[in-house]
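Q: Using the sequences and the accompanying hints, generate a full structural model.
The listed protein sequences correspond, in order, to chains A and B. Under this note's numbering, residues 10 to 325 are what the first sequence spells out, in order. Under this note's numbering, residues 10 to 325 are what the second sequence spells out, in order.
Which stretches of chain B does chain A cover? Using the computed rule of at least three CB atoms under 8 Å from a CB of chain A, they are:
#, region
1, 44-57
2, 274-288
3, 304-317
Facing chain B, according to a computed beta carbon distance under 10 Å, are these residues of chain A, among others:
#, residue
4, Arg-36
5, Ala-49
6, Asn-51
7, Leu-52
8, Gly-56
9, Asn-113
10, Gly-120
11, Met-272
12, His-273
13, Leu-275
14, Gly-309
15, Leu-313
16, Ala-315
17, Trp-318
18, Leu-319
Read the hints as simulated data drawn from the structure, not as lab findings. Note that the Cβ used here is the ideal one computed from N, Cα and C, for glycine as well.
Number of protein chains: 2
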Amino acid sequence: MTLEAVIQAQARISPHIHRTPVLTSRRLNDEAQASLFFKAENLQKVGAFKARGALNAVLSLDSDTLARGVATHSSGNHGAALAYAASIVGVTAHVVMPEDSLPNKIAAVRGYGGKLTVCKPTLAAREAACETIVRETGATEIHPYDDDRIITGQGTAALELLSQTEKLDLIITPVGGGGLLAGTAVVAKDARVSVIAAEPAEADDAYMSWLAGKRILPESTYTIADGLRTGLGERNFAIIQSHIDDVLLVTEEAIIHATHHLMHTLKTVVEPSAAVPMAAILQNPDTFAGKRVGVILSGGNLNLNAPPWLPSLGAE
Amino acid sequence: MTLEAVIQAQARISPHIHRTPVLTSRRLNDEAQASLFFKAENLQKVGAFKARGALNAVLSLDSDTLARGVATHSSGNHGAALAYAASIVGVTAHVVMPEDSLPNKIAAVRGYGGKLTVCKPTLAAREAACETIVRETGATEIHPYDDDRIITGQGTAALELLSQTEKLDLIITPVGGGGLLAGTAVVAKDARVSVIAAEPAEADDAYMSWLAGKRILPESTYTIADGLRTGLGERNFAIIQSHIDDVLLVTEEAIIHATHHLMHTLKTVVEPSAAVPMAAILQNPDTFAGKRVGVILSGGNLNLNAPPWLPSLGAE
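A: As structure tokens, this is what we get:
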């Protein structure tokens, strides 16, 4: 896993992704007493950085393999990203989604032409449904994060960010399965930029694993940051363990506040997972004060019909 | 009122405003069967194009006049814009706001250091309060739209848009008092680009005036597009009458849908007034099909605690 692989991924996917802008806000800088550079992956194709990894994985397959299609299980953005990537090359993407997935994320998979299978909301049910599809169709399973091509693909966001900003002191990303974090770490280590992970305290397996020096899988996790409920992947853990500087935990309340605050101040739509780094910055001012900080806004697929800062209205 | 005056305004204000990006969306283009170029003035200083006109007006005053401060009455973005402009040159902005102004708009005026006076929600009360302030302080009143410096300032958004896009066929803007529309018309006429205004049917005085060939002041107007409730200004009407091609009316339902749709698709935060042109495009497909259309997203100061597509929760 090298910078070279990320550069190759960038060349492979760049015709099909946006070079997303870097947003800044004087007000947020004042609040953090830092210089914050927000890499707006919420404006990426499919509304999330996941388009990068999925495209890199799909475009790495040979044409015979590709012709049999691709498959994955995902509660969210990776499913839409794989459907988008498959549509670019004209093959089928089979996407298994748990029945409790957000309606807007299910609609996105359908919108990009993905072939949807709904299953019970357990990891076992997801894996079983995906295995069946792979056996029956010959499709190649593309794991959402525990995959070298996914990791290098996600790393292209940080690669771009470094080319769009003067020397950063550190980059902060959210961590769920660890694809974005590991990809960012590969790039940042080479550039001698520190990397900090931000994770919901309600899904703190990356923090626990990092502390223990071994991968600890999460027990049942519930966080409003629906993109970060999954456990750290094996490959991801190995990279993270040796490359990153800290894991910061944030409360659910802080995530909800940061989601609202980013939308209010930057006027850009972010999903809760994307606001986890901002929550960590606001909760840990001493860590960031005076620094030039890259912040990856991982996605913008917020369910506008149920913003997390408003009381639930029941049916969506 | 010439293109030259708009170019001078641009030179005057450019150190203090953002050159806002132009956003595009394949999905929205597909829906409209047109090429839409969204000028993101929701990302402008103070979250609205109003920063342009207010800065141009303030920076046009001589230093003795400036020292006595500036004053205005406004239910929204112009108040915040004048407070921002005054803060740039270090003078006081007196802002009279009706008591039914949105809480986030009141907070914005305060946030930029404006001196706030709250009054009854009638034009007479607003004017009386503003006159008192002017008499007592010697401040210069800066009208939100019926003012040459405001009109040329607002025209700089269209000037920038034309420099950021290949030849457009037309530009569509919302119309309230007519500052943005008149400024856009001045620029577009010179560039031989058509101009269409979009107006809430519930506040249709620009449409009625344009049809009648004389300015017809609005009766009581209520529209969710709070920036567009005011009547057309005199100077504004004169320019609009001779420069624009059409006024399209849209329903409240269409405005609410377009607000949600822009936020969902472009991942950018818009206030209802800013979505009125998109509503007009969706309601009048034949007018726009096959054209290259500039759309001015006038502002992003949405009250996130009461998005218009959700049922009201009572207190905000």
